[in-house]
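Two independent chains are provided; combine them into the complex using the hints.
Chain by chain, the residues run as shown.
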Amino acid sequence: MDVRAQLSSVFHLDKCIGCHTCSLACNNLWTSRDGTEYMWWNNVETKPGTGYPTLWEDQAKYRGGWEVKGNSLVPRTGGRLGILTSMFYNPHLPTMDDYYEPWTYDYEHLFTAPPGDAPPTARSISKITGRYLDVEAGPNWDDDLSGSPVYAKNDVNLKELTPAEREALFRVEQLVFFYIPRICNHCLNPACLAVCPSGAIYKRGEDGIVLISQEKCRGWRFCVSGCPYKKTYYNWKTGKSEKCILCYPRLETGQAPACFHTCVGRIRYTGVLLYDADGIEAMAKAPEADLVEAQRRLILDPADPEVAAAARRNGISDDWLGAAKSSPVYRFVKEWGLALPLHPEFRTLPMLFYVPPLLPVAASTRTGRYDLAEKSYLGNSESLRVPLKYLARLFSGGNTGIISGALNKLWAVRGYARSQTSGHITDSQAKEMLTEAGLTPDAARQIARLTSLPRFNDRFVIPPYRREEQIQQTVDPQQHKYQVGFGFINPPRRGL
Amino acid sequence: MIDLFLFGILPYLTIAVAVTGLIWRYVTNQFSYSSVSSQFLENRQLFWGSVPWHYGIILILLGHLLGVLFPGGISAFNGVPVRLYILEGTALALGLLVLVGLVFLLLRRGTSARLRVVTTPMDVVLLVLLLIQVIAGIGIAVFYRWGSAWYVQTAAPYFWSVVTLSPKVTYISSLPLLVQVHAVNAFVLVGLFPFTRLVHMLSIPFAYLWRPYQIVMWYRRQPRSF
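Just so you know, the protein sequences line up as chains A and B, in that order.
First residue of the first sequence: 1, per the working numbering; consecutive thereafter.
First residue of the second sequence: 1001, per the working numbering; consecutive thereafter.
No wet-lab data here; the hints were simulated from the structure.
Model, not experiment: these values are computed from the prediction.
Where a beta carbon is used, it is the ideal one built from N, C-alpha and C, also for glycine.
A few of these clues could be false.
Chain B side only, calculated, beta carbon under 8 Å to chain A, not exhaustive [what the hints assert, rightly or not]: (1) Ser1050; (2) Phe1195; (3) Gln1214.
Cβ-Cβ distance ranges computed for the label pairs, FRET-style [stated by the list, open to error]: (4) B:His1054 to A:Leu110: 46 to 52 Å; (5) B:His1064 to A:Met1: 52 to 58 Å; (6) A:Phe488 to B:Val1080: 55 to 61 Å; (7) A:Ala118 to B:Thr1028: 53 to 59 Å; (8) A:Leu110 to B:Leu1013: 52 to 58 Å; (9) B:Thr1028 to A:Arg449: 44 to 50 Å; (10) B:Arg1211 to A:Arg466: 27 to 33 Å; (11) A:His109 to B:Thr1028: 39 to 45 Å; (12) B:Val1027 to A:Leu110: 45 to 51 Å; (13) A:Val68 to B:His1054: 31 to 37 Å; (14) A:Ala113 to B:Leu1129: 41 to 47 Å; (15) B:Val1125 to A:Val150: 41 to 47 Å; (16) A:Glu469 to B:Leu1013: 51 to 57 Å; (17) B:Val1125 to A:Arg312: 56 to 62 Å.
This is chain B alone, in the form it adopts within the complex (with noise of 0.2 Å):
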């Protein structure tokens, strides 16, 4: 029952609460999307923090995507043992890399006196959170080996089932512990989205490369005459 609740209907719960959530944040207070940057207050410490911490955790989330979008290819890839460890070596180094800059992030969250004066609530439970799930990440690549063989064979199938409407909860819960506590806080994290500071993920500025340099803007535009 309870795997019922956690795997067959908590994904869509807050899926559901995060796309309400998003188009009724953006509708009524666009002032609010922003990546809130404390840069201007504390400089030194954000670097080790948000450095490795962005460029890990973008890898890491392109890989889980490629799982799903590639089983077969990702099974193939891992056919020679040389190209296993090394893929499963670098998930591990990034896993730390991200648990590195995390600690970073939570660390000047509490050291800083400037920094605790725009610390709302939520952004140490989104720390949190997020801490979890980079310790069990790399808890199951630790202890549960070649998660990039198995979790083609697992979680890919899984995902395929939740996107088509027919949850296979099985596929999630016959997995050890870990993974599932690791399942149910991307869950709880995707539900949390609109109300954190990650709605920024949603303002990467891709169309800055190929917009021009200068802006202007007319009041009314008038047509011109010859």
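The following block holds chain A by itself, in its conformation from the complex (with noise of 0.2 Å):
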């Protein structure tokens, strides 16, 4: 057992009002430069929709993630010599205009017109070339479209509905759709470190962040399209690759990542999980519909005494076993079956996962009015309004019960809340419910409480870094503060 610590993430969609907070909080901090401008480390998108980039879930246009082949694990991208002879040109790469074309407006205009019979308007104008441009894209221009023929009805994972079942989900009347906001994985099995001919790109030992080493990157971009979820961006000013830290200046300050800190709906959590590292690639090849099970099984107990000694072994101290011991991740992925991987069947073991939405349970409109009481007040799994199917597709690589186990347990976990609180629901029907899920009174008490009471520290469960310490015993701490920090000495000039 090769026990490693991973900071891990779980984002509660049913929680998401998509107010794109995260994202700005991010742009501001990290993305604002020149040749990053069109970068968004997170973003959040509309499903049905076909995201950001435009269909970036589609492997067979991107050729990103791993696929089993015989019986070895490779990245779809290629082996290792098709890489290094399509370096020249790589087939698969996203351009600007899978993302879309940056812009600012021409505000000088309004100040500069000559008087006139109209008043001045300011023209939109490329950030990239300073001309005027029409805008087409932009990074949420999905925003909340669900039915729309251009972004709704391309998405990839209606593939496997059927008609009828596309057409009920686009009527009118019951048009449905939900937010996921996006950063990067920080994967257990990232394939754009796999794909990366320069090795620039390497996984932290102590936290398993995914970062990309600037001096070594030289622009080969297969990382960009190698990353099924798209997360590795291309700078154009400086020809490097960039993607999101996981603000790990702020992790190792004890703060949490400005995306998180700043989340309206407070859908975040952070938190440390065990894994065990001997089992990536046997899990990474599981067949399809499993995936999400092998990831649960290499994740481990920090309660177990066995598991608790080889951490220590592997020199993961105690204050991160206390800290992997109250993670809220670990009981939303775990312990309560809540969180799941987005996309799993990618098989790059993503590390943040999502409880999936609920969504507005469908309604009776039989008696001429809007009757939630027809059937149950809740509802349940037969009149869900996105088919199970498509949240398969999202979450667990097609396995419906995993997607139903999930969404009975939040159902169960409302049911029993509301039976506590409003008495709309008696005891005996909670209890039935959740007998039903497989939880019980106590463990439904607190997951309710975490969904919607938790307070700061309760969702950021962040381990201390120690840096000082670190640094201590390799330099001088005076000596140290000159020699480091974040950024550069000389400001990044593109090539020469």
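Listed below in structure tokens is the structure:
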């Protein structure tokens, strides 16, 4: 057992209101520079929709992630020799048009326009060329546009739905959509890393954050197409790739990443997970429908003395073990089985998990009014407005059992909370729902608590990094102070 | 006198500039080592430019190197006329392929507004010098036929005379002007090497062929106890 720690996250999709505050916090902090203005290390998508960059989930187009060939796991991008021989032209690279051309407005014109009959306008101009631009796409251009023929209907996850199911999904009276905020998953088996010819990308051993060394990157661009989530971006100005750094300078000083900290809906949780690094390859090779279970098996119980002993042998401190024990992520993912990885079939073992959205229950209008009570107050998995198959395509590699299991638990928790507060549901009804979902009243209380009333420190259990102690062991801290820092001594320039 | 400078001094000068320049750039500004790819901004023309250019120029440079390293072998190979024709034909075809690629690369720099933003003056200088080099090379292949035969008798011994620090200027100065242009331009390109995007040639990631897929880095790897 090779125990390692990973700083992981849970996003609770039922709570996401799609306000994009996370995106802006990230953009203000990290990507408001030339060459990165089109990047959204954190973005929020409307599902069903095509996302950002357009159709990022379509691996027939971008060839990202892993595939099982015979008995081995290989990047879908191609073999090593294939990658080296296509360096001159990466046939699967998304270009700026797959994202959008960043723009600003010609505000100057408002001040310099000559007197005329009509008030002057500020036309949009490209942030790249500085020329006037007819804006045709943006990073959240599909916002709330479920049912639109351009975005929602081209969602690749709808492929397996029958025409009738699709038709039902987009019927105007019961249109349905939800938001998915996305950041880098800081995967256990990152594909961006595996296809980097320069070896510039690496995973930090201590907390599992995946980073790109800006010095070693040579701009071969395979990480961009190789990441199935399209969460590495090419800085067109400096000729280097960049990606989400999980705000490690904040984490190392005990603060939650900016997108987590600013989240208005408080949908984000972060904490440590312990996992067995020896099992990564075997688990990533599991059959598609078993991938969620395989990944759960990889995650270890920090309360298990055997695990704790193995963790200590690997240099994981008691502080970190303690943080792992109180990690909200562990509870959501392993203990309760509520949080699921996004597209586990990409086989990168993403370490960002999503609690699937329960979504508004379909009500009956047969009696002439919007009637929720016809079947039961909260409905059941048959009255889902978004087909199970669709959610299963997103969160469980097509395994609908895992989705309905998680949704039934969410229902039972709601029922239980109702029985405790409003009395709309009787105790016996609530108990029945809990038994059916396989939850104890105690677990339901804790889920309800951590979902609806978590305090800041319940949501973010950040382990103490104690970087200063690590530094003291190698260099004089006073000297170190002048040698390091975030950023560049010389402003980064493009080539020569 | 001018011959002595161009073929006796310039090679050493440019190599010295290249070596010191590369070390200086690597030590002071490793960040600038990149292919500075512009595929993200312009995709279609790049395919017709970059792919023919790179595959063509790699084979052509390899051919030049083989002629220098194994002059005897090349002469023996060319002993049978059919082989000579095939070799010359291949070389000329590759030269034309490279020319097509280069023209596309130059065209896209001029026609794409997005690319103009990331094009440095040095990029243009480099492309123009390379174009001169390729045109001179093709000209030699067309006008002074059977270059693969006389190359091993002239350029190869000249190359070795430069390497052994006793440059035989006459080997080159007695050749046609076009060949001299080809040689001098090559020296200039060597000298400019560290100051252009050409440095990406030093970053060919052969190590990728055998490195493990995953890289994990520890701040301070702690020794394992039992």
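Against the structure, the hints come out as follows:
1. At about 5 Å, the closest approach between the beta carbon of serine 1050 (chain B) and any beta carbon in chain A falls short of 8 Å, and the interface hint on this residue holds.
2. For phenylalanine 1195 (chain B), the shortest C-beta to C-beta distance to chain A is roughly 6 Å, which falls under 8 Å, so the interface hint holds.
3. Among the interface hints, the one on glutamine 1214 (chain B) holds; its C-beta lies about 6 Å from the nearest C-beta in chain A, closer than the 8 Å criterion.
4. At roughly 48 Å, the beta-carbon separation of histidine 1054 (chain B) and leucine 110 (chain A) lies within the given 46 to 52 Å, and the hint holds.
5. The supplied range of 52 to 58 Å is met by histidine 1064 (chain B) and methionine 1 (chain A), whose beta-carbon atoms lie about 56 Å from each other.
6. For phenylalanine 488 (chain A) and valine 1080 (chain B), the hinted distance range of 55 to 61 Å is satisfied, since their beta carbons lie about 59 Å from each other.
7. As the Cβ distance of alanine 118 (chain A) to threonine 1028 (chain B) is approximately 55 Å, the hint placing it in 53 to 59 Å holds.
8. Checked against the given bound of 52 to 58 Å, the beta carbons of leucine 110 (chain A) and leucine 1013 (chain B), roughly 56 Å apart, stay inside it.
9. A C-beta distance of roughly 56 Å is found between threonine 1028 (chain B) and arginine 449 (chain A), which places it outside the suggested range of 44 to 50 Å.
10. For arginine 1211 (chain B) paired with arginine 466 (chain A), a C-beta distance near 31 Å keeps the hint of 27 to 33 Å intact.
11. Taking 39 to 45 Å as the suggested C-beta distance range, the pair histidine 109 (chain A) and threonine 1028 (chain B) conforms, at roughly 42 Å.
12. Between valine 1027 (chain B) and leucine 110 (chain A) the Cβ separation comes to about 49 Å, which falls inside the hinted range of 45 to 51 Å.
13. A hinted range of 31 to 37 Å holds for the C-beta pair valine 68 (chain A) and histidine 1054 (chain B), which are about 32 Å apart.
14. About 46 Å separates the C-beta atoms of alanine 113 (chain A) and leucine 1129 (chain B), a value consistent with the hinted range of 41 to 47 Å.
15. Range check, valine 1125 (chain B) to valine 150 (chain A): Cβ separation about 44 Å, and the 41 to 47 Å hint holds.
16. Taking the beta carbon of each, glutamate 469 (chain A) and leucine 1013 (chain B) are about 53 Å apart, inside 51 to 57 Å as hinted.
17. For valine 1125 (chain B) and arginine 312 (chain A), the hinted distance range of 56 to 62 Å is satisfied, since their beta carbons lie about 60 Å from each other.
Checked against the numbered hints above, the structure breaks only hint 9 and satisfies the rest.
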